[in-house]
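Q: Chains X and U, in that order, give the protein sequences. Counting along the first sequence from 1, when you hit position 122 you're at 122 in the working numbering, and nothing is skipped either side. Basically the working numbering = 1-based index in the second sequence + 178.
Just so you know, not all the hints are guaranteed correct.
[Claimed, not checked] Cβ pair distances, simulated, as ranges: (1) Ala42(X) x Lys180(U): 19 to 27 Å; (2) Gly193(U) x Ala143(X): 29 to 37 Å; (3) Ala534(U) x Gly20(X): 51 to 59 Å; (4) Thr223(U) x Arg62(X): 55 to 63 Å; (5) Tyr22(X) x Arg557(U): 42 to 50 Å; (6) Leu422(U) x Phe178(X): 45 to 53 Å; (7) Asp340(U) x Leu70(X): 48 to 56 Å; (8) Asp65(X) x Gly193(U): 47 to 55 Å; (9) Arg108(X) x Gly460(U): 26 to 34 Å; (10) Leu13(X) x Asp190(U): 48 to 56 Å; (11) Arg520(U) x Arg80(X): 46 to 54 Å; (12) Gly562(U) x Leu13(X): 21 to 29 Å.
It is worth saying that the hints were derived from the structure and are not from the lab. Yeah, the Cβ is synthetic: ideal placement off N, Cα and C, and Gly gets one too.
Residues per chain are reported as follows:
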Amino acid sequence: MIPSWLPDLLLWLAVLVLAGLYVSWRATRLDRLHVRVETARAALDAALVRRAAVALELAASRLLDPATSLVLATAAHEARTADADGREFAESDLSRALRAVVGQPDFRATLESRGEGTALLDELEAACRKVTFARRFYNDAVAATRNARRKLLVRVIPLAGRAPVPDFFEIDDDPPEF
Amino acid sequence: MKIGIVCPYTWDVPGGVQQHIRDLAEALLAAGHQVSVLTPADDDTPLPHYVVGAGRAVPVPYNGSVARLAFGFLSASRVRRWIRDGGFDVLHVHEPAAPSLGILACWAADGPIVGTFHASYERSRVVSVTAPILQSALEKITGRIAVSEAARKTLVEHLGGDAVLIPNGVATERYAMADPLPGWPGRGDGAEPRPGGGTLGFLGRMDEPRKGLQVLLKAFEILGRRRPELRLLVAGPGDADDVLSKVSPELRDRVALLGMVSDEDKVRAYHSVDVFVAPNLGGESFGIVLAEAMAAGAPILASDIDAFRKVLQDGRAGVLFPVGDHRALAEAADELLDDPARRKQLSAEARAAVRAYDWSTVARDVVRVYETVAVDGARVVEAGVTA
Numbered sequence: 001m002i003p004s005w006l007p008d009l010l011l012w013l014a015v016l017v018l019a020g021l022y023v024s025w026r027a028t029r030l031d032r033l034h035v036r037v038e039t040a041r042a043a044l045d046a047a048l049v050r051r052a053a054v055a056l057e058l059a060a061s062r063l064l065d066p067a068t069s070l071v072l073a074t075a076a077h078e079a080r081t082a083d084a085d086g087r088e089f090a091e092s093d094l095s096r097a098l099r100a101v102v103g104q105p106d107f108r109a110t111l112e113s114r115g116e117g118t119a120l121l122d123e124l125e126a127a128c129r130k131v132t133f134a135r136r137f138y139n140d141a142v143a144a145t146r147n148a149r150r151k152l153l154v155r156v157i158p159l160a161g162r163a164p165v166p167d168f169f170e171i172d173d174d175p176p177e178f
Numbered sequence: 179m180k181i182g183i184v185c186p187y188t189w190d191v192p193g194g195v196q197q198h199i200r201d202l203a204e205a206l207l208a209a210g211h212q213v214s215v216l217t218p219a220d221d222d223t224p225l226p227h228y229v230v231g232a233g234r235a236v237p238v239p240y241n242g243s244v245a246r247l248a249f250g251f252l253s254a255s256r257v258r259r260w261i262r263d264g265g266f267d268v269l270h271v272h273e274p275a276a277p278s279l280g281i282l283a284c285w286a287a288d289g290p291i292v293g294t295f296h297a298s299y300e301r302s303r304v305v306s307v308t309a310p311i312l313q314s315a316l317e318k319i320t321g322r323i324a325v326s327e328a329a330r331k332t333l334v335e336h337l338g339g340d341a342v343l344i345p346n347g348v349a350t351e352r353y354a355m356a357d358p359l360p361g362w363p364g365r366g367d368g369a370e371p372r373p374g375g376g377t378l379g380f381l382g383r384m385d386e387p388r389k390g391l392q393v394l395l396k397a398f399e400i401l402g403r404r405r406p407e408l409r410l411l412v413a414g415p416g417d418a419d420d421v422l423s424k425v426s427p428e429l430r431d432r433v434a435l436l437g438m439v440s441d442e443d444k445v446r447a448y449h450s451v452d453v454f455v456a457p458n459l460g461g462e463s464f465g466i467v468l469a470e471a472m473a474a475g476a477p478i479l480a481s482d483i484d485a486f487r488k489v490l491q492d493g494r495a496g497v498l499f500p501v502g503d504h505r506a507l508a509e510a511a512d513e514l515l516d517d518p519a520r521r522k523q524l525s526a527e528a529r530a531a532v533r534a535y536d537w538s539t540v541a542r543d544v545v546r547v548y549e550t551v552a553v554d555g556a557r558v559v560e561a562g563v564t565a
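Sequences are here, hints too, so could you generate the full structure?
A: Next comes the structure, spelled out in structure tokens:
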């Protein structure tokens, strides 16, 4: 003899299991977004460090005149040593310094006539391009995560745990015209 | 790097996405990377060595037209196996929002995933029923690429998210050499146009005013009388009678309208003309036709719109004339046709300048995207069953 409440209980259990699966799926998605933000942030930091390093290398290469070297080295150093609050400004300043330096008339031709200049310029071009890519990907990940965390379910059940809400990274990263 | 590329549409059906993937894969292979392309294909289709078939695609109605797509359990398990066995550093999914192998690959993989968005459309195709399915797959893409500003706009407005812009490349070597079309002298040693002769070329939609054919026809009215053996070669879709009605009767037999041409004949057409004219009135974001003509080494005469000015390096790799000015066009063409040395120089400059738009250059940018997303050395792995 099956008790009359058993089908009801089974139904409610099934609903609970399904709801649990759904919540866990949402939690997995959110967790994956946080991982994506962290990975993208690491890539962005690596790209920025790389750009400053190539800029410093160019400044120290004796391919440039001393004044240009000084402008470039200062901007790269500022970008490397800026604290969290000043980071975005310092990186934007480095972008502007690079544009001013590379934008000089006949910059590429002059450097290419001086031995190792071509390789350094190619490296700088790649480094600048990767900053643009990495920042776009990072901000894209941040937008997706912030969007997901605004959803009702995520606010009612704290699926995000104690992970901080990520911030956009806003700088001027227009590359120089090579 | 070891790169896995996913193509959503049947390999042997001609299409822009398939062509893009073929050119990209070959440029990556030439640069020394390992590439495997997964694509829907009939089992008896001969495939290049770097392509893996994922089974037959089925024609289904999707978004108002019939598309050949691969989906279902069999496709899904083949995608999983390909990812498991591939050991890729990066997974590169094309058109990931299409219900085909791309979205299956996003589900089946974890790790660095790059997505390239090709299509652009005005109205959103995402309906609320499909949004969560699509969203959870697209969320896994760590780096997005759009092939045009329109594709990027579509992504931002309809799917959410942002992308970097990397335009299509031109397979310049495919255009470099070809015989001229039968009956056309073409360029080459000893094939100088006679005084009062020469051939002007145009390629593009004949009935699209922004392509500027009407400007060229007006210039031909002037120049055709001055040069009694001048001919005009026009290739592209459109109504031929409509075009001929704009040409004076005595000049009509010197205007050849080829209509739609095959890819092969297109290349031959570029090699059949002494001067290639791009009289566009605006709107071209890049000018793929112009780049193709440059790759074929045709001396270029183009209207002075921003996009063309940039591609032609401010006039070094081609002559620019004021937009829509048919008199200036006629004068410039007249001078060029009588100056073989100048044409030869323009041809060489154009071939050099177009290298910046070659697939090898484009592929280098794509590799930079790969390097950016795969920065911590994580590889592509099969996703857990619960994910």
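Q: Evaluate each hint against the coordinates.
A: Here's how the hints hold up against the structure:
1. Ala42(X) x Lys180(U): 19 to 27 Å: 21 Å, holds
2. Gly193(U) x Ala143(X): 29 to 37 Å: Since Gly193(U) and Ala143(X) have Cβ atoms about 31 Å apart, the given range 29 to 37 Å holds.
3. Ala534(U) x Gly20(X): 51 to 59 Å: Hint holds: Cβ distance 55 Å, inside 51 to 59 Å.
4. Thr223(U) x Arg62(X): 55 to 63 Å: With Cβ atoms ~58 Å apart, the hint holds.
5. Tyr22(X) x Arg557(U): 42 to 50 Å: Violated - the Cβ-Cβ distance for Tyr22(X) and Arg557(U), about 30 Å, lies outside 42 to 50 Å.
6. Leu422(U) x Phe178(X): 45 to 53 Å: Distance hint for Leu422(U), Phe178(X) holds at roughly 47 Å.
7. Asp340(U) x Leu70(X): 48 to 56 Å: Since Asp340(U) and Leu70(X) have Cβ atoms about 36 Å apart, the given range 48 to 56 Å is violated.
8. Asp65(X) x Gly193(U): 47 to 55 Å: Holds, at about 53 Å.
9. Arg108(X) x Gly460(U): 26 to 34 Å: Since the Cβ atoms of Arg108(X) and Gly460(U) sit about 30 Å apart, the hinted range of 26 to 34 Å holds.
10. Leu13(X) x Asp190(U): 48 to 56 Å: 51 Å, holds
11. Arg520(U) x Arg80(X): 46 to 54 Å: 51 Å, holds
12. Gly562(U) x Leu13(X): 21 to 29 Å: 25 Å, holds
In terms of the numbered hints stated before, the structure departs from hints 5 and 7, listed from lowest to highest.
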